[in-house]
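Asks: Take the sequence shown: its position 97, counting from 1, is numbered 97 in this note's numbering, and each next residue is one higher.
Calculated from the structure, these hints are not laboratory results. Predicted model only: the values in this text are computed from it and were never measured. Cβ atoms here follow ideal geometry from the backbone N, Cα and C, with glycine treated the same way. One thing to keep in mind: the hints can contain errors.
[Stated by the list, open to error] Taking CB as the label site, the calculated pair distances span: (1) Ala785 <-> Val649: 47 to 57 Å; (2) Arg687 <-> Pro712: 34 to 44 Å; (3) Arg781 <-> Arg673: 32 to 42 Å; (4) Ala827 <-> Ala258: 24 to 34 Å.
[What the hints assert, rightly or not] Pairs of lysine to any residue, SDA-like flavour, derived with a Cα cap of 25 Å: (5) Lys806 <-> Ala504; (6) Lys806 <-> Pro762; (7) Lys806 <-> Pro794.
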Amino acid sequence: MPEGDELLLLALSRPADALAEADRLIAAGVGPGPASVAHQARAIVVRDAGRFPDALRQLRQALRLARAAGDGGRVADVQATLGSTLAMAGRTAAGLAALDAAVAAGTGQVAGRALMRRAHHLATMGRREAALADLDRAIPLLHRHGDVVWEARARSCRFGVYVNFGEAARAERDLAIAGRLFAEAGQELELAFIVHNRAELAVLAGDLPAALALLDEAEGRYARLGAYVSDLVVDRCKVLVAAGLAAEALALADAGVARLPGRTADKAEMLFAAARAAQAAGRPQDAAERARAARDLFRAQHRRWWAARAAFLLVQSGYDAGRRDGRLRAVAERIADRLDELHAEEAGAAHMLAGRLATAGGRLAAADRHLARAAALGWRGPAYGLAAAWLAQALRAEARGRTRAALAACRRGLAAAAQHQQRLGAVELRIHAAAHGTELAAIGQRHALRRGDAGMLLRWSERWRAGALAPAPRRPVEEPELAADLAALRDIMNRIDRARAAGAGIGSLEHDRRRLEAAIRARTRRAAARRRADGAADHPPRDHRAAAQHRAGEAADHPPRDHRAAAQHRAGEAADHPPADHEAGQAPKHPPPRAPAAGHPPSGRRSEDTAGPLPRDRRAREAGFPPRDEVLGRLDGHLLMELVAVDGVLYAVTARAGRTRLYEVGPLAAAVREVELARFLLRRLARGRAPRGSEDLLERAGRCLQAAVLGPAADEVGGRPVVIAPPSRLHAVPWAMLPALRRLPWCVAPSAAVWLRARSLPPDPRRRTVVVVGPGLPGTRAEAARIAAGYRKPVVLTGGEATAAKVLAAVDGAATAHIAAHGVFRADNPLFSSLRLADGELTVYDLGRLRRAPRRLILSSCESGMVAAMPGDELLGMISVLVPLGTTSLLASVVPVNDAATAPFMAQVHAGLRAGAAGGEALADARAGTDGGPVALATALAFVALGH
């Protein structure tokens, strides 16, 4: 039967069991000593469930009973838990006073435990040096007394402090020892804290997939133990924001805020996480609202370190909302220096903001100082922050009129961003990571425009366009759990459809759908982490660059929630029961200064000079794009039209043998508006509602669309085949509506580099052709028969045979696949866009499980060519999964199409493909042969050739 310390240990190992045992002891009327332990254990469990008033009542009762028992050590221990709990409840001054009293009253082992708790509280307040001093005293005391669990807790807490100071090696060593000690003691909850803390190390190394996988593992452990750790939500939000998934992070943080009661420390930190996510999501008003609430709570709790960080988010939100006044500039400079003094992780971003504002105000000396500091801090930070460091260096050089140095810094920054992007594995993470390089590319593009240099604009645009579509490095990992979740999602969607048809409620089914979709996203991200781990042979990250936090100890004295503070947090009770040190006394009281990280310029040289210009051909090749002359030589009679959006204006670069030209087209917003008007007209005609004069309407809409998206560049088209590389916001253009392109073969590529790569592939030895027909498409079986008849030994799946499993097995590795099925584009999450098969929805996530995608894929379904536009001119949708897996040609529609008109049109397309035509040529020939009125014409104009 657990007694004394055993019961307190159980509270942080198996909380539900501890609560039951505490209640049993209290009901049994045991003496004051054991009863004091029972009330203390009960307090720890209910406190960690967020029930602070109940926890404080239990602790005051435990304190009275300890005094009645005449046990001074017990009194000091309860006082320490009381102090930790008061601090967690937001009453930081009272908590610190109680902890001071406990430290003064304790001796030996009891003093070590009290010191650990106080250190945890000091760390969460941002007083890291004082926390480290307490831990350096506590660890030897606890180790000397053989207090294994508390030694592990203290090491966990010190992990967070070291990580904040950039002492990654010491931090990792403490965490490893703490994990071993917790395992020896069987502390299950605190072992979950260790897993949680390892996510911080992964973040520091820039391995975001591994961080998300570790957080998922920690969440599973917490759930099995019946524990809710709000710090997990905060840390997950931090990783999601770093991965570019700010909207997902904001929804998660807002849900966390709603769950937490009162004005607790947890609530303040959750508000801070929500503010940071809102700011990253481009919602400055929402960010300011949440940051102000967090700042006011931090101030009330006397947490100055946190309050300064929240104040910075307020300033950043003002800037994002358009403020540029002198008052904002002065506040930004003060906060940047303050955050630097406090070693806050936002210091680099704060100096960047102060530098921007100083530059805009003509205060160049101040701008230089702040931007230099932003660069230095970025080089010491996480791997994904290196691009920001080079951006600061580029802005600094620009402000000083040193264009060559600015462009060199941009090249280095884009190289760092590309390296980070390709490490991420999961296509969703790679695409969102493009935001890290967007401004760097824009600096180069603006410079090219100032010079009027078409070739230079082409190179800088290609440097950071569609980088996430690089070929997949290896075959997907077998994921039976992911396959099961996708099958379950199909079943749920079928049940939702049946319930809607019957007029029944779908609330619980929608809940299941959202749960499964979240699980699928998480599994896909974890699969990327596993592939990286397989390649790295389980080596731990070596580049722990910036500050993390630590979850050490206690549920109890509650874990920190910020990259640097969170770790401390968890240490807490574990801060109600922390650890000691195997080499106590060896850690320095004041950690040495951090050494420059891998991306930092060598000392002794002007940092901007280290980014000196590279030879032009080498610069182009490092960006993954061949030199200009080589590009022109590989066009093979095609006209390349690269459309580039810079600062809201659309430009066209045309390239053909021997020369490049630059045209200003017009406002990007006007082009987007014309695209939507054209698509609206095609949608109307697809429904069979053809008003009088429809063909004239199509002609006029096509002329307006051409003027908006090509402008004067349209005159260059002539009679040659065209390759169009538009920015991501213009990938839904029905290009065949443009008079200049109506009768020509053309194709659309995410980038010129993607098109050139597809053309360079050797001929495909594969010969298998697959034809699939989904349900609910009258006449398509006859269409499928006509299409299949022209191919040798085709695989045809129709009716009940066209299931997700059979279709995936058939198209994996096929030369050509044609799928006729109803399609749905999910704008809220394009990777859940789907094709309707016999047993339900085949999503883009399903297609991502292919080992080799079909070399050529034809989708005669509604909006199958739609994608979501992402930063960095990345595309999120079907093409973003298929291209890395080997698809070089995708024929699809950008609007809903008329099923009856689509069938004969597709038969004509396949006739061209069998004759050896490329996708664009086959579409052009089929359009020329269309003769069936405005509905048939609108159907032909809705299809685009994507890729080679």
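Asks: Work down the list of hints and note, for each, if the structure agrees.
Replies: To see whether the hints hold, each was checked on the structure:
Between Ala785 and Val649 the beta carbon distance is about 50 Å. The supplied range of 47 to 57 Å therefore holds. The supplied range of 34 to 44 Å is met by Arg687 and Pro712, whose beta-carbon atoms lie about 35 Å from each other. Remark: the range hint 32 to 42 Å for Arg781 to Arg673 is upheld by a beta-carbon distance near 40 Å. Against the hinted window of 24 to 34 Å, the Cβ-Cβ separation of Ala827 and Ala258 comes to about 26 Å, which satisfies the hint.
Simply put, Lys806 and Ala504 have alpha-carbon atoms about 31 Å apart, too far for the 25 Å limit, and the pair is violated. For the suggested pair Lys806 and Pro762, the alpha carbons sit about 28 Å apart, so the restraint of at most 25 Å is broken. For the suggested pair Lys806 and Pro794, the alpha carbons sit about 14 Å apart, so the restraint of at most 25 Å is met.
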